[in-house]
Amino acid sequence: MRCSLDWLHRASLGAVFLAVAGSAAAYTVTLTPASPEAVYLQVGNGTFAGNTNCMGSGSDCYSSGGTPVNNATVNSVSVTVATAAVGNGTAQAMTTNSTQADSFWDGYAYCTVPAQLYIGGFYRTTGAATAAAKVTATVPAALTNGTGGTIKFSQISWTSSGNGDTTANGFLPEIFPGGTFVSGGTQTVGSMASNTWNESCWNFSYLNTSVPGAGTYTGSVLYTMTSP
Amino acid sequence: MSTVQRSTFFLSLAFGIIWAAAAHAKSMTVDDSGSVTIEPTVLMRWKTAVPTRTAGGKLMVGTTTIRVRINVMPWLKHSGRIYLALPAQQPGPISLSWTTQGRFLPGQLVSGNRVLVYAGPITTPFMEDTLTFQFSVAGTLMQRAVPVTYHFEMDEE
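Note that the protein sequences, when read in sequence, are chains P and A. Read in this note's numbering, the first sequence has 119 at position 96, and its numbers run on one by one without any break. Read in this note's numbering, the second sequence has 58 at position 56, and its numbers run on one by one without any break.
Keep in mind that the hints were calculated from the coordinates and are not lab data. Positions of the beta carbon are idealized from the N, C-alpha and C atoms, including for glycine. Mixed in with the good hints, there may be bad ones.
Facing chain P, according to a computed beta carbon distance under 8 Å, are these residues of chain A, among others [to be verified]:
1. S37
2. I40
3. T50
4. P53
5. R55
6. T66
Covered stretches of chain A, as calculated for chain P (at least 3 residues, CB under 8 Å) [claimed, not checked]:
7. 41-47
8. 111-125
9. 136-142
Here are some chain A residues pointing at chain P (derived, C-beta under 7 Å) [what the hints assert, rightly or not]:
10. K60
11. A90
12. G94
13. L98
Excised from the complex, chain P in its bound form (with noise of 0.2 Å):
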């Protein structure tokens, strides 16, 4: 009788977990991507708002919190030729009136200003890796002087490189190469793999391989950034 009782006990048991069983739960909610995508240029200087005090160096800095914001500054990057060397085919250092010399990546000291202007940028996106956002120069024909003098823009040419940038620590080749303008036209500069910060730094030549009147000549270019 006693072991009746001890089956009777267990079979109870047992459909006490089967029901528990049939009405256990798994809990579900969904994730879902919000503004998942943004896309920032900055060539010369920039702005980044948020916390000022990037590892220590007082810039705002994406380390430090910090978000990327509009800036409508037009840098100009010039040289003056002296008349000695106008047209004798050396090229003449360009120097430019950007101040950004720490990227905002991290606050690092990776442009040597004047003599260089900073580029860089991200392109966010989800999903898996897409194809490179494109950054492209819309360069006019021409440096004018106002008078009817020109310039040919393709006498300008620019290295690339910055500091700390080796094969090694992966940052070489640089995303934003080095190259020469077209004389007008739309020209392709660097592309960004999606979800990484990119920059590059670049020393502007003139090549000085024609010799024009005097006087001061001026041509705008227009950096554009291009998504997927």
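Given the coordinates of chain P, work out where chain A should sit on it, guided by the hints.
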């Protein structure tokens, strides 16, 4: 007569071993149908506004608060170990960390695993706590909204 008694002994012993092994290995899913999610949709945002220059910086994170209410009546007056389990599932590796109000233990885990949230006597039919979950998923896996499932498991001691 002696042979019969010995056989009974061995039979009992064998049953005892099987029973013990089954008791240690048994994990039961706990009924958590009384739980309420305050934000059923977890908005996943980039952990950092800006990516890094290397391969990192691609994490998306999202937070939600859940009032957990699990039915532990079947284990009342027993001791048990309760785990939070996050099965391996789409869209890929998911990291989950959570804080609690004290009834359960805080913790973190990666999908495909479980972590202890309670060990001790089961003294009430239901156990409740408010958990704040933070999910972390690589943005490269987050092309669209995805359901993520977790559950609580009981190992009875």
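Against the structure, the hints:
Annotation: interface hint on A/S37 holds; nearest CB of chain P at approximately 6 Å, less than 8 Å. About 11 Å separates the beta-carbon of A/I40 from the nearest beta-carbon of chain P, more than 8 Å, and the hint is not met. Taken as an interface hint, A/T50 checks out: its beta carbon lies about 6 Å from the nearest beta carbon of chain P, inside 8 Å. About 5 Å separates the beta-carbon of A/P53 from the nearest beta-carbon of chain P, less than 8 Å, and the hint is met.
With 8 Å as the threshold, the beta carbon of A/R55 comes within range of chain P, its nearest partner Cβ sitting at about 4 Å, so the hint holds. Satisfaction of the interface hint for A/T66 is found here, the shortest Cβ-Cβ separation to chain P being roughly 6 Å, below the 8 Å cut-off. Counting residues of the region 41-47 of chain A whose C-beta sits closer than 8 Å to any C-beta of chain P gives 6, which meets the bar of three, so the coverage hint holds. Note: the region 111-125 of chain A has 0 residues with beta-carbon separation from chain P under 8 Å; the three-residue rule is not met and the coverage is violated.
A count of 4 residues in the region 136-142 of chain A with a Cβ less than 8 Å from any Cβ of chain P is obtained; the coverage claim is therefore met, three being the minimum. For A/K60, the interface hint holds, since its Cβ comes within 7 Å of a Cβ in chain P; the closest pair sits about 5 Å apart. Taking 7 Å as the C-beta contact cut-off toward chain P, the hint placing A/A90 at the interface is violated, the least distance being around 13 Å. Given hint, A/G94 at the interface with chain P, is violated; its Cβ is 11 Å from that chain's nearest Cβ, farther than 7 Å.
Against a cut-off of 7 Å between C-beta atoms, the interface hint on A/L98 is violated, since the closest Cβ of chain P lies about 10 Å away.
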